[in-house]
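There are 2 protein chains.
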Amino acid sequence: MAEKKLGKQTVKLSNPVSISSTYSIVGPKEGEGPLAKYFDMILEDEAWGEKTWEKTEAKIVKECVAGCLGNEKVANADIDYLFSGDLLNQCISSSFGIRERDIPYYGLFGACSTFVEAMSLGAMLIDGGMADNVIASTSSHFCSAEKQFRFPLELGTQRPPSSQWTVTGSGTALLSSGGEGPFITHVTTGKIVDMGIKDANNMGAAMAPAAVDTLYTHFKDTGRAPSDYDLILTGDLGVIGKKITNELMQSRGIDMKNNYNDCGCLIFDGDKQDTHAGGSGCGCCATTFCGYIYNQLKHKKFKRVLFCATGALMSPTTAQQNESILGIAHAVSIEV
Amino acid sequence: MAEKKLGKQTVKLSNPVSISSTYSIVGPKEGEGPLAKYFDMILEDEAWGEKTWEKTEAKIVKECVAGCLGNEKVANADIDYLFSGDLLNQCISSSFGIRERDIPYYGLFGACSTFVEAMSLGAMLIDGGMADNVIASTSSHFCSAEKQFRFPLELGTQRPPSSQWTVTGSGTALLSSGGEGPFITHVTTGKIVDMGIKDANNMGAAMAPAAVDTLYTHFKDTGRAPSDYDLILTGDLGVIGKKITNELMQSRGIDMKNNYNDCGCLIFDGDKQDTHAGGSGCGCCATTFCGYIYNQLKHKKFKRVLFCATGALMSPTTAQQNESILGIAHAVSIEV
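If you're matching them up, the sequences are chains A and B in order. When the letters of the first sequence are read in order and numbered with this note's numbering, they come out as residues 1 to 336. When the letters of the second sequence are read in order and numbered with this note's numbering, they come out as residues 1001 to 1336.
By construction, these hints were calculated from the structure, which means they are not laboratory data. Be a bit skeptical, because a hint or two may be false.
List of simulated lysine-lysine pairs, DSS-like, C-alpha gap at most 27 angstroms [to be verified]:
#	chain 1	residue 1	chain 2	residue 2
1	A	K301	A	K257
2	B	K1005	A	K12
3	A	K73	B	K1005
4	A	K5	B	K1073
5	B	K1073	A	K4
6	B	K1073	A	K8
7	A	K4	B	K1012
8	A	K5	A	K198
9	A	K243	A	K303
10	B	K1198	A	K51
11	B	K1298	B	K1037
12	A	K12	B	K1298
13	A	K12	A	K303
14	B	K1301	B	K1037
15	B	K1004	A	K8
16	B	K1220	B	K1257
17	B	K1004	A	K5
18	A	K147	B	K1147
19	A	K4	B	K1004
20	B	K1272	B	K1037
21	A	K198	B	K1012
22	A	K12	B	K1012
23	B	K1298	A	K147
24	A	K4	B	K1005
So that you can see chain A by itself, here it is in the shape it has in the complex (with noise of 0.2 angstroms):
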């Protein structure tokens, strides 16, 4: 077996990879939920002064991985590699974001897993020597979504209360073999879980299973148990899937119920913002770590957390012939 490996989907790293900083930009409603005061930047409105939403998520995209630079106080020939993805056809807020970025780049699709997707293989190459310095971005657009996996915006369709809220913003991670922390110490990688939903509506229920199955065998491969960590962060899953992902882990005998939340509910004030089940999105967990979680790490209000990003993989393509909705989760350990 593979000298890293902890059972078959975990990689337990020689050397802890340091998080040595994040951005995170998020438009006007993030800005006015919870976690406001954790981002780096909000948008005062959707659009940036771009003339469509596409260009404006490459735009967040662009500024979100200068501003993890520190506006170019890290240059790029120090990056290795620049890991992202993102939820529009062919990745292009991604590409056309850092386009101009004369970094190495491998994109990613994963669907809202993509954040830590990209944060698993920056971490794995750091630590099998291929790397000193990794970004891992990813973002999301609530107008770019709405137009390309729903409705056009214009027509004002009315939203069953399971649905989620694509969030806009982005986040990025800039990882690194040297540095002060926090530290990625643990990979589990997740499988497509296929639980036969169809329901494009109720994608924290479709997710929830993998989730489930990524949290459930990092358990299993490290040891640990939920009283290891602070916080076990799953995103995005909002409120039905959290609450399916509590129930499906006490079934298997793992309570989670006193120290785990969801990005998805954590962005949002549900009842006073009007996003139903919650946040949604790869820029849902992104901005979540790279704001408000972040934060946290770096003050030791959190010394350990478990961060397991979700994703629905399926498109309005598979929807309209009758596919299910496939999930998968990927995890990753982090302390200080």
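Here the structure of chain A is known, so what remains is to put chain B in place on it, guided by the hints.
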């Protein structure tokens, strides 16, 4: 600097990674081309019994992965990671194709560069001690790609001579820490190159500068010259992109005329098969490699190959919004 880095973009693996098996499935048109005898399976028609092109493409991926695992001679449990990607929105042929595989999964998007992106990441994880066996798989389908990127097939729209023909097919490779080779020895990761080209019917011209950037960097980083390789293989630039690549390399003082070819030029007989500038799509270089090139390496007809896959990072939306076509190219050195 990271211990395995040669220059900024190239990693020299400590222990070369074996390409232990490959499998290729192609459509009927590819099965009438010059490489027919090297493919493992040739479909009789483009639908393969499915009701939609997307379902067909997913089935091709599913069966191609199964074929590479020797129809279950190698168990899922022995595979640490599966990397795959394709051209469809949200990479659905990959995720739906492998949804029943009980293997940790990382989805990628690098357009037609994805196959080498998958090989690169897989090889680096194996060399880093995180994995023993990794699957790399990509696919494309002429009909699903035309439907999504261009025009409904039923229109019979005429194609300009510079356009390329999306290959129907999938190639899958099994990378292993042990094995008899051929071996991946170096990984050169590409950066996005934007030369401002906007003609979506001339992808070869858009991607050629990225190929040149990565090839030039590879030679510089490794100290090698084209003559160190039996074959330098790009994919999928087609006739026009190949010519541009040759000229641009020549202008930078590197002569590749004697041993350079392109998967898009190899897979079809352009004169007889009406494929205009040549093959393209994530399945083009994947099937050309997993069929023809792998066979030639196994029989020591080629002893050292530089395999550089090129991708066009764009979407119909970016084309409609008057954005340029971004190019990227990733390369691996392979030797017996």
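Quick rundown of the hints versus the structure:
With a CA separation close to 19 angstroms, the supplied pair A/K301 and A/K257 stays within the 27 angstroms bound. Taking the CA atoms of B/K1005 and A/K12, the gap is about 22 angstroms. The hint holds against a cut of 27 angstroms. For the suggested pair A/K73 and B/K1005, the alpha carbons sit about 23 angstroms apart, so the restraint of at most 27 angstroms is met. Restraint check: the Cα-Cα separation between A/K5 and B/K1073 comes to about 23 angstroms, which is no more than 27 angstroms; the hinted pair holds.
At roughly 25 angstroms between alpha-carbon atoms, B/K1073 and A/K4 fall within 27 angstroms of each other, so this suggested pair holds. At most 27 angstroms may separate the alpha-carbon atoms for a hinted pair to count; B/K1073 and A/K8 meet this at roughly 19 angstroms. Of the supplied pair hints, the one linking A/K4 and B/K1012 holds, its CA atoms being roughly 20 angstroms apart against a limit of 27 angstroms. Straight-line distance between C-alpha atoms of A/K5 and A/K198 comes to about 34 angstroms, which puts the hinted pair past the 27 angstroms bound.
As the CA atoms of A/K243 and A/K303 are separated by approximately 25 angstroms, the hinted pair is consistent with the 27 angstroms bound. A threshold of 27 angstroms between alpha carbons decides the hint, and for B/K1198 with A/K51 the separation of about 19 angstroms falls inside it, so the pair holds. Restraint check: the Cα-Cα separation between B/K1298 and B/K1037 comes to about 15 angstroms, which is no more than 27 angstroms; the hinted pair holds. For a cut-off of 27 angstroms, the pair hint linking A/K12 to B/K1298 is broken: about 35 angstroms separates their Cα positions.
In summary, the hint linking A/K12 to A/K303 is supported, as the alpha carbons are separated by about 18 angstroms, within the 27 angstroms threshold. For a cut-off of 27 angstroms, the pair hint linking B/K1301 to B/K1037 stands: about 16 angstroms separates their Cα positions. A distance of roughly 26 angstroms separates the Cα atoms of B/K1004 and A/K8; the hinted pair therefore holds under the 27 angstroms criterion. Pair hint B/K1220 plus B/K1257 holds up; C-alpha atoms about 18 angstroms apart against a cutoff of 27 angstroms.
For the proposed pair B/K1004 and A/K5, the alpha carbon gap of about 21 angstroms is at most 27 angstroms, so the pair holds. A hinted pair counts as satisfied when its Cα atoms are at most 27 angstroms apart, and A/K147 with B/K1147 qualifies at roughly 19 angstroms. Between the alpha carbons of A/K4 and B/K1004 the distance comes to roughly 18 angstroms, so the proposed pair stays at or under 27 angstroms and holds. Of the pairs offered as hints, the one joining B/K1272 and B/K1037 holds, with about 18 angstroms between alpha carbons and a cut-off of 27 angstroms not exceeded.
Only pairs whose Cα atoms come within 27 angstroms are accepted, and A/K198 paired with B/K1012 is rejected, the gap being roughly 45 angstroms. Taking the CA atoms of A/K12 and B/K1012, the gap is near 23 angstroms; set against the 27 angstroms cutoff, the hint holds. With a C-alpha separation of about 49 angstroms, the suggested pairing of B/K1298 with A/K147 is violated against the 27 angstroms cut-off. For the hint pairing A/K4 with B/K1005, the CA-to-CA distance comes to about 21 angstroms; that is within 27 angstroms, so the pair holds.
Comparing the model with each numbered hint stated earlier shows that hints 8, 12, 21, 23 do not hold.
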